[in-house]
Amino acid sequence: MIVAAAQAEVVERSTPMSGATELVVHHPPSASAVQPGQFFQLAVGAPHTILRRPYSAAWADPISGRLGFIFNVVGAGSAWLANLPEGHDVDLLGPLGRGFELDGRDPAIVVAGGLGVAVFPGVVRALVARGRRVTVLLGARSVAQLMRSDRFAGAEVKVATDDGSAGHHGSVVDLLLDQVGGLDIFGCGPTPMLQALMRAARRLDIPLSSIQVALETPMGCGIGTCLGCAAPGRAGGYLLTCQDGPCLRADRIDWDHMTDAFHG
Amino acid sequence: MADQLDIGVGLGHGLRLRGPVMVASGTFGYGFDAPLVDRSALGAIVTKGTTPRPRAGNAPTRIAETPSGMLNAIGLQNPGVEHVAREYAPIWASWEVPVIVNVAGDAIQDYVEVARRLDGVAGVAGLELNISCPNVVNGLQFGLDPRLAAELTMAVRRATELPLIVKLTPNVTDIVAVGRAVEAAGADAVSAINTYVGMAIDVRRRRPMLSRGSGGVSGPAIKPMALQAVWQLADELSIPVIGIGGITTPSDALEFLLAGAVAVQLGTVNYLRPESTREVLDGIAQYMHQHRFNNLRALPIRGVRAMAHA
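Line by line, the protein sequences give chains A and P.
Letter by letter, the first sequence follows residues 1 to 264 in the working numbering.
Letter by letter, the second sequence follows residues 1 to 310 in the working numbering.
Worth double-checking, as some hints may not be accurate.
[Unchecked claim] Here chain A is said to cover these stretches of chain P; the calculated rule only asks that three of the stretch's residues, wherever they fall, bring their Cβ under 8 Å from a Cβ of chain A: (1) 15 to 28; (2) 69 to 81.
[Stated by the list, open to error] Among the chain A residues that face chain P by a calculated CB cut under 7 Å, a handful are: (3) His-48; (4) Leu-177; (5) Cys-226; (6) Ala-230; (7) Thr-259.
Worth flagging that the hints you see were computed from the coordinates, not collected in a lab.
Being a predicted model, the structure only gives us computed values, none of them experimental.
C-beta atoms are modelled at their ideal positions from N, C-alpha and C, and glycine is treated no differently.
Looking at chain P on its own, in the form it has when it is part of the complex:
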């Protein structure tokens, strides 16, 4: 047995993670408010969606629980890129864990502005383009149309040398078409999926639970759909796919890895069990060890896929 277990992951453009478990945007702030989390367990931290200027976010009520999941419509509350670059990045620079800044905006120019500001800033390991936020006006538009998604990706690609991940929305007919478009436009990786648009109504008070009416559904409720999206994307794209959607256990994460994801992001579960990233990482390592896979590339992705065609 011998063999050193290597669970490192390459996301392209020189971005390497020590492990395949990341925390998803919006569930970990900017990495500072998580006293119970062992940061060394994390492959990477993906920050809250960051815009050129500060945003106050949506009026409450912003969240509601739904069956095996939750709805949110936070509305990209964030301090703006200047604050992030000046106050947060210098601290990240001293951390071992890479920090990937999630970028959001209303127009292509917003994304370009954030990317340009963060380009070359110590402490920023990469960008994740949020082209799929359902909770702000225009938030979703880029993620719905392959041509717009490509145009945005290309514009940001020109503005920065940072590794570029594009986060895809499941609220489309053909997620693979959007994935292909951003790959061709220069994305280094895609992450899938963002939340599903959904809503809940308070029957006692006869009004929507969220002040905006609708929001994004996350949590175990969306895991099967997320997994299928990743399964399709991993088959069709040649850039790495990062799996997101309702992962709460090592077994959930392994499903995504066996579906072809090179890494996973944990989101909603961070609210329930802040220590879950460590549990999932340990569970993956234990599985690899038990089944004698020396590294993540040794997982029999093709074999799993072949079973579906059998």
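Bound conformation, chain A alone:
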């Protein structure tokens, strides 16, 4: 499944929303191989860093051979990646982990909090391409941190902001209450948001097995050897984000013991 560790050329760099960077690279084998929700490990050249940075592919286009990564600058590694000029190479390892299951009962409801939205442009594109009816619920602190709706062509988009500067004034999870018959949910965001999503689902009698989440945890290797990216499993023990996820059914997680990752 892994293509390899490979050099991919940076072909475009932009700011999709405030604080975030979108890095577009050209690497046809990766663009063809990646499934929506899978991630890559990006090598970092910043001084004194050592680990790769795990980023979901935001989208991939097998025809142009391009794929995009959207991330916030939170430290030396992400800052280094965000400053990679066009024409330079970035070292990719991947695609890694499990992507989303895209078949399910309509409508598909995407719930994205903060930078959790980074995994969804490609997911929504794939869902729409399958002829599915898709509603995207986007939440952010403020309007400046919202991804543009046109990144989700073919889907209905509703927004919420913590400060009320756009859409619903409050949590993105509140928007779920207005949905009718949502039994196929895709979630990604900070742990407190996902925990709120699970509470809302229980109130609405939505089984957690009908929710898929893309997990974010600190990660070492990305290939299952370091056991660093553990998430508490509902069946006891720990799941590994890199192998059991990052995309998995929400009923497999022990949400009460899920720690907040370095979400950024």
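Here the structure of chain A is known, so what remains is to put chain P in place on it, guided by the hints.
Positioned in the frame of chain A, the structure of chain P alone reads:
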């Protein structure tokens, strides 16, 4: 030129490696999750620390990056020796590369139990005793005290005919004293070093980065200290010393070999560049060829040492 380059290594008790580059415990699982690694480049695989019964490991957060290194507190998550003996060893038996099982526990009896279970099991080429895990209760105790370390080594020695490597902790005042003690107790080799105890604090959220507070530091940050530990051990012990600690390049590995290590283990770098074992092996071979050393024993260890006394 002619001469056939021989980079084979003997670790004692009949354990011979085709090359001096091994992968360190905890950085390679049980050898199955490394699709990008050319196993034929490896002198040996050292497995994840294995205990008598399965262990779930520590609650997250388990890892954090630190300057030129990382912290881990995995907590010996492993499926237990029974699973390893039944499910993994038969597969290893078909591999050319020797697999050395890293053994951990809370009490001497735990180590003995694992050693006894693996004794004579096809596919298991040797044991590495982890007497130096900083991330579980009691994990470090055996490695800190020469008498306890010797007692443990002796007990395991009696339980198995397998080659026995003892992995030493640097979190001691005198690593050589522990090395001598385990040598006298019957260890075939020592590996040095395990991680340094360390920690990091998230100032934004005002809490330790790791859920346990502290963990073990690995990576290039600890290489100079690891090298010095190996330098001392190689001078004082007569059994082979395996060098571990922050090796990422052929040059790093050669430093350890010139300090007197007979082989090296690559750890943290496996996370960054899964192909690094091959790169390091090729780099060592190239160096040997270039400087006309026909085998690893031809490296001028004594000469290097003499330069320090000059």
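Cross-check of the supplied hints:
no. : hint     : in the structure
1   : 15 to 28 : holds (count 3)
2   : 69 to 81 : holds (count 5)
3   : His-48   : holds (4 Å)
4   : Leu-177  : violated (30 Å)
5   : Cys-226  : holds (6 Å)
6   : Ala-230  : holds (5 Å)
7   : Thr-259  : holds (5 Å)
Checked against the numbered hints given earlier, the structure breaks only hint 4 and satisfies all the rest.
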